[in-house]
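So the sequences go chain by chain: A and B. FYI, in this note's numbering the residues of the first sequence are 16 to 83. FYI, in this note's numbering the residues of the second sequence are 563 to 819.
Some hints could be false.
[To be verified] With a Cα cut of at most 35 Å, we get these calculated DSBU-like pairs of lysine-lysine:
#, chain 1, residue 1, chain 2, residue 2
1, B, Lys777, B, Lys568
2, A, Lys19, B, Lys627
3, B, Lys680, B, Lys584
4, B, Lys777, B, Lys628
5, B, Lys691, A, Lys19
6, B, Lys777, B, Lys616
7, B, Lys584, A, Lys19
8, B, Lys616, A, Lys30
9, A, Lys19, B, Lys669
10, B, Lys704, B, Lys627
11, B, Lys680, A, Lys19
12, A, Lys19, A, Lys30
13, B, Lys704, B, Lys584
14, A, Lys19, B, Lys687
15, B, Lys586, A, Lys19
16, A, Lys19, B, Lys616
[As the list claims (entries may be wrong)] Now the stretches of chain A that chain B is said to cover, found in silico as 3 or more residues with beta-carbon under 8 Å:
#, stretch
17, 16-24
18, 38-44
19, 49-59
20, 69-78
Please keep in mind that the hints were generated in silico from the structure rather than gathered at the bench. A virtual CB, placed ideally from N, CA and C, is assigned to each residue, including glycine.
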Amino acid sequence: MQIKLNGESTEIPEKTTISQLLTQLQFTPDRVAVERNLEVAPRESYNTTELGEGDQIEIVHFIGGGAR
Amino acid sequence: MDDQLKVADMTFNSRLLVGTGKYKDFEETALAIETSGAQIVTVAVRRVNVSDPKAPMLTDFVDPKKYTYLPNTAGCFTAEDAVRTLRLAREAGGWDLVKLEVLSDPKYLWPNNPETLKAAELLIKDGFKVMVYTTDDPYLCKLYEEMGCVAVMPLAAPIGSGLGVCNPYTIRIIIEQASVPILVDAGVGTASDAAIAMELGCDGVLMNTAIAGAKDPIRMARAMKLAVEAGRDAFLAGRMEKKLYATASSPIDGKFF
Numbered sequence: 016m017q018i019k020l021n022g023e024s025t026e027i028p029e030k031t032t033i034s035q036l037l038t039q040l041q042f043t044p045d046r047v048a049v050e051r052n053l054e055v056a057p058r059e060s061y062n063t064t065e066l067g068e069g070d071q072i073e074i075v076h077f078i079g080g081g082a083r
Numbered sequence: 563m564d565d566q567l568k569v570a571d572m573t574f575n576s577r578l579l580v581g582t583g584k585y586k587d588f589e590e591t592a593l594a595i596e597t598s599g600a601q602i603v604t605v606a607v608r609r610v611n612v613s614d615p616k617a618p619m620l621t622d623f624v625d626p627k628k629y630t631y632l633p634n635t636a637g638c639f640t641a642e643d644a645v646r647t648l649r650l651a652r653e654a655g656g657w658d659l660v661k662l663e664v665l666s667d668p669k670y671l672w673p674n675n676p677e678t679l680k681a682a683e684l685l686i687k688d689g690f691k692v693m694v695y696t697t698d699d700p701y702l703c704k705l706y707e708e709m710g711c712v713a714v715m716p717l718a719a720p721i722g723s724g725l726g727v728c729n730p731y732t733i734r735i736i737i738e739q740a741s742v743p744i745l746v747d748a749g750v751g752t753a754s755d756a757a758i759a760m761e762l763g764c765d766g767v768l769m770n771t772a773i774a775g776a777k778d779p780i781r782m783a784r785a786m787k788l789a790v791e792a793g794r795d796a797f798l799a800g801r802m803e804k805k806l807y808a809t810a811s812s813p814i815d816g817k818f819f
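Could you put together the complete structure from these sequences and hints?
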């Protein structure tokens, strides 16, 4: 099925959980945050939340930034 | 000397807050921050690079256990984007102390107060401790305090301009009527600017470009540390009165000429 991952259309297997997606992408869950369809996905839900067709997923982290 | 910055329920020995952007690399970022003595560092929230999961991350160089990460909403132009950003930041880091900054235009990066007010209200309801970036308007600054912001941060001058405290008069009024910490955020260019902000009675100064954009950022980080300390001491010491005419420092009595 297709999801939008950080703005890019991406093909992933049906019933992929957030945990599985992060593992597949090789990101450590405690270093990122995940948003699903504009709602923050709580960490506790990563193992149980299965992604659906057309989901908009954002994976973010902290980068250097400031008062500019 | 027991003179600590208190924000919400946290205390800090340093009154200099620094941004982590615009450095050459993560090594320089880390060294500049360490040299500045800052204990609070602002960070931005952005997409990971999906195709490069092993790329070094800021957290590898600037330890979130050692420094208080202050997630900010730099680049947000609406309340919605700012709230969304900080909710993700809270999930990523687990911190509820945040810097709210909503801007109105790309040229002056001027604070967008209508959207900032909306976002502050939502965030405070949602349990965030909000340090808010705003214009140097005494009434607005008081409003932010009354709605529950834990610190109010008026600009000294536009972000990245390095113009210093353009309006010491309003900054002074803002400080005079505040009962939460007032920090000058944005616009500081060099050490004397930071010292002036602190001499006016600011509780702290937040800067990024003044250090990162200096020819020698590490040395400027040290200069800023000293300037903030010097300015604070001068404020606490209470400066002498300004006078129109000279007053001799040496006694007239005992003159032999």
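| query | Checked against the structure, which of the hints given earlier come out wrong? | reply | The structure breaks none of the hints.
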